[in-house]
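J.: Spelled out, the chains give:
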Amino acid sequence: MTFSPGDLFLILPELLVITAACLVLALDPVLSSSKKDGLAWLSLGTLAVSMGVIASQMGHAAPAFGGIVIIDAYACFWRLLLCFVAGLTVLLSHTYLREERLYFGEYYGFVLLALSGMMVMVSAADLLTIYLGTELMSLSLYVMAGLKRSEPRSLEASAKYFVLGAFSSGILLYGISLLYGATGSTRLPAIAAAIAGRSLDDPLLLAATILLAVGFGFKLAVVPFHMWTPDVYQGAPTSVTAFMAVASKAASFGAFLRVFVEGLGGLKANWSAIFLLLCVATLVLGNIVALVQTNIKRMLAYSSIAHAGYALIGVVAAGMAGGPAGGANGIAAVMLYFALYAFMTFGAFTIVAMLRKGGLDGDEIEDFTGLATRHPLAALLMLVFMVSLAGIPPTAGFIGKFYVFMSAVEAGLTWLAVLALVFAAISAYYYLRIVMVMYMREPVALTAASPRLVMSPALSIVLACAVAGVLFFGVYPNPLVNLAGQAVLTLK
Amino acid sequence: MTIPISYYLILSAIVFLTGIVGVLIRRNIIAILLSIELMLNATNINFVAFSEHFQDLGGQVFVFFALTVAAAEVAIGLAIIIALHRAKDSINIEEFNLLKW
Numbered sequence: 001m002t003f004s005p006g007d008l009f010l011i012l013p014e015l016l017v018i019t020a021a022c023l024v025l026a027l028d029p030v031l032s033s034s035k036k037d038g039l040a041w042l043s044l045g046t047l048a049v050s051m052g053v054i055a056s057q058m059g060h061a062a063p064a065f066g067g068i069v070i071i072d073a074y075a076c077f078w079r080l081l082l083c084f085v086a087g088l089t090v091l092l093s094h095t096y097l098r099e100e101r102l103y104f105g106e107y108y109g110f111v112l113l114a115l116s117g118m119m120v121m122v123s124a125a126d127l128l129t130i131y132l133g134t135e136l137m138s139l140s141l142y143v144m145a146g147l148k149r150s151e152p153r154s155l156e157a158s159a160k161y162f163v164l165g166a167f168s169s170g171i172l173l174y175g176i177s178l179l180y181g182a183t184g185s186t187r188l189p190a191i192a193a194a195i196a197g198r199s200l201d202d203p204l205l206l207a208a209t210i211l212l213a214v215g216f217g218f219k220l221a222v223v224p225f226h227m228w229t230p231d232v233y234q235g236a237p238t239s240v241t242a243f244m245a246v247a248s249k250a251a252s253f254g255a256f257l258r259v260f261v262e263g264l265g266g267l268k269a270n271w272s273a274i275f276l277l278l279c280v281a282t283l284v285l286g287n288i289v290a291l292v293q294t295n296i297k298r299m300l301a302y303s304s305i306a307h308a309g310y311a312l313i314g315v316v317a318a319g320m321a322g323g324p325a326g327g328a329n330g331i332a333a334v335m336l337y338f339a340l341y342a343f344m345t346f347g348a349f350t351i352v353a354m355l356r357k358g359g360l361d362g363d364e365i366e367d368f369t370g371l372a373t374r375h376p377l378a379a380l381l382m383l384v385f386m387v388s389l390a391g392i393p394p395t396a397g398f399i400g401k402f403y404v405f406m407s408a409v410e411a412g413l414t415w416l417a418v419l420a421l422v423f424a425a426i427s428a429y430y431y432l433r434i435v436m437v438m439y440m441r442e443p444v445a446l447t448a449a450s451p452r453l454v455m456s457p458a459l460s461i462v463l464a465c466a467v468a469g470v471l472f473f474g475v476y477p478n479p480l481v482n483l484a485g486q487a488v489l490t491l492k
Numbered sequence: 493m494t495i496p497i498s499y500y501l502i503l504s505a506i507v508f509l510t511g512i513v514g515v516l517i518r519r520n521i522i523a524i525l526l527s528i529e530l531m532l533n534a535t536n537i538n539f540v541a542f543s544e545h546f547q548d549l550g551g552q553v554f555v556f557f558a559l560t561v562a563a564a565e566v567a568i569g570l571a572i573i574i575a576l577h578r579a580k581d582s583i584n585i586e587e588f589n590l591l592k593w
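For the protein sequence lines, the chains are H and B, in the order given. So the first sequence is numbered by our numbering: it starts at 1 and just counts up by one. So the second sequence is numbered by our numbering: it starts at 493 and just counts up by one.
Treat the hints loosely; a few may be bogus.
Simulated restraints, written as ranges between beta carbons of each label pair [what the hints assert, rightly or not]:
no., chain 1, residue 1, chain 2, residue 2, range
1, B, Asp548, H, Arg101, 50 to 56 Å
2, B, Ile497, H, Val422, 48 to 54 Å
3, B, Glu586, H, Thr294, 19 to 25 Å
4, B, Ile502, H, Leu277, 43 to 49 Å
5, H, Ala281, B, Leu516, 17 to 23 Å
6, H, Ala196, B, Gln552, 56 to 62 Å
7, H, Tyr476, B, Leu516, 46 to 52 Å
8, H, Ala196, B, Phe556, 28 to 34 Å
9, H, Ala281, B, Ala563, 46 to 52 Å
10, H, Leu8, B, Glu586, 45 to 51 Å
11, B, Val566, H, Gly45, 50 to 56 Å
12, B, Ile506, H, Met455, 57 to 63 Å
13, B, Ala563, H, Ser56, 33 to 39 Å
Stretches of chain B that chain H covers, calculated by requiring three or more beta carbons in the stretch to come under 8 Å of a beta carbon on chain H [what the hints assert, rightly or not]:
no., region
14, 527-535
15, 546-560
16, 563-575
Think of the hints as simulated: they come from the structure by calculation, not from any bench. On a predicted model such as this, the values are computed, not experimentally measured, just so you know. The beta carbon of each residue, even a glycine, is placed where N, CA and C say it ideally should be.
One chain only, chain H, in its complex shape (with noise of 0.2 Å):
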């Protein structure tokens, strides 16, 4: 295998990050913990500088390595998307871990590596490169989620994650195996090109074809593979559940198009079948779940769940539409619904982790009883995100949810739309509950060991830029829907 020096220039954002991660691994011991707020800065810097490359590649598509990684504007897309949320993770993460005395400078170089694992999933073009890159993410949120090591619970939700993520790497690479056998490659166009004409009558293709979506649906927590996903969430700190429900996410489904239309895209009719059912499934289980939590975390999880569900939608759109334009269109849609969900969920999670009980994290819903008159500010910041979440206008979330809905309408999937709408009225109810609390109930007398919030700087820029993103992208959404329009044409 050959390579030029340019094929390093395209990876360079993946290379900077890295290099990045390996300093702050290596500054952390020998840096006083006074000055290990510069690791936050650095790796922001890192972050910023990254985008800016992204952003200069987001033009031409380009193979590098022989053609194991490439670099299109459909990559791009997810990159500009995935560094955005690392870097709001580090702003959160700044202030959550002094709160929780967390004084881990390797935090930041955790992040920087799953974040490089991510990057690697959303731009390779080959089942190796693809899953290295799910595993360096996965180990790296392994750790991230038993960060809190006095805390049983955190380690119980690393522990679970590390069992099940593990279990699901294997399922998938053993369907990556399968592939290889049925094919004859790992490379995704060689793959694609092998199946050309080919049917699920091969048992060796089929099963490939199965397991894969098992270990996908596995790191897209969609039902019935999501048990993990409400326990990690809630014992991982709130900054690396953020992290989680929103770049982690946002990559597996990243890598997941890539595997699903552009390798087994011949199979379209087959896999379009088996990912209905399991958005159905996942569409009711996490919505009719959610309703009854008391956790917010765990709801936030259910929802997440279920925000996997509408995302499916459209991939199932774009698999049972006729011709390459309805396709596209299904793909552009759970793009945009990636971009803007991720302004509301980190939005939701900042404010769940600036809510402190005690030196302990305030992540019951009762404890945001009466928040309104107290913090006025914060509560109308929760009420916005409470309600781009169940997709009311004019908020980012009810664009989302259109253009999914709408793909699947052109796709001749009307009754799916019409049950996502009426789940995602059920959903309202578990949102605005939220906003109830909040608003409606008098808050109990304030003691020292009633909820109280943190506030920093770093951490209202995350939330201006979320509220920013959720509430300019829901009045106009243009730009994005732009973007993703023109990235998933570099998708064949």
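For this one, chain H is given, so just place chain B on it according to the hints.
T.: Here is chain B on its own, set in the frame of chain H:
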């Protein structure tokens, strides 16, 4: 005489299923970790068998990467198990019940 590829596939399928069943029924987290290793090694059998069958080195390269990743995974897994054992004095997954709906 060469061994037909289907033999390798059957072997790897048996190893893989043993791993899956092990993950699902064992209660000791170390045994679960071992079962996951079985699943990964079943994959390696597949890759090597197909690589030989296609006379294509790509599969064997994949095995090297899979082995390395599996080693990293075990390192992190054992670290998590040790931390958990310190906190709970147990590595039986039935006792990890703080998080439940």
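J.: Hint by hint, note whether the structure agrees.
T.: Each hint, compared with the structure:
Between Asp548 (chain B) and Arg101 (chain H) the beta carbon distance is about 53 Å. The supplied range of 50 to 56 Å therefore holds. At about 50 Å, the CB distance of Ile497 (chain B) to Val422 (chain H) agrees with the hint of 48 to 54 Å. Distance hint for Glu586 (chain B) and Thr294 (chain H): a CB-CB separation of about 24 Å, consistent with the stated range 19 to 25 Å. Distance hint check: the CB atoms of Ile502 (chain B) and Leu277 (chain H) are about 29 Å apart, inconsistent with the given range 43 to 49 Å.
For the pair Ala281 (chain H) and Leu516 (chain B), the beta carbons lie near 20 Å from each other, so the given range of 17 to 23 Å is met. One distance hint, 56 to 62 Å for the beta-carbon pair Ala196 (chain H) and Gln552 (chain B), is violated here, with the actual separation near 26 Å. The supplied range of 46 to 52 Å is met by Tyr476 (chain H) and Leu516 (chain B), whose beta-carbon atoms lie about 50 Å from each other. The beta-carbon spacing between Ala196 (chain H) and Phe556 (chain B), approximately 30 Å, falls within the hinted interval of 28 to 34 Å.
Separation of Ala281 (chain H) from Ala563 (chain B) is about 36 Å and departs from the stated range, judged on CB atoms against 46 to 52 Å. Restraint check, Leu8 (chain H) to Glu586 (chain B): a C-beta distance of roughly 50 Å satisfies the suggested window 45 to 51 Å. In this structure the hint that Val566 (chain B) and Gly45 (chain H) lie 50 to 56 Å apart at CB is violated, the actual value being about 35 Å. The supplied range of 57 to 63 Å is met by Ile506 (chain B) and Met455 (chain H), whose beta-carbon atoms lie about 59 Å from each other.
At about 37 Å, the beta-carbon gap between Ala563 (chain B) and Ser56 (chain H) stays in the expected band of 33 to 39 Å. Taking a C-beta to C-beta cut-off of 8 Å, the region 527-535 of chain B contributes 5 residues in contact with chain H, enough for the three needed, and the coverage statement holds. Coverage of the region 546-560 of chain B by chain H holds in this model, with 8 residues showing a Cβ closer than 8 Å to a Cβ of that chain against a need of three. Restraint check on the region 563-575 of chain B versus chain H: 8 residues with Cβ-Cβ distances below 8 Å, three needed, restraint holds.
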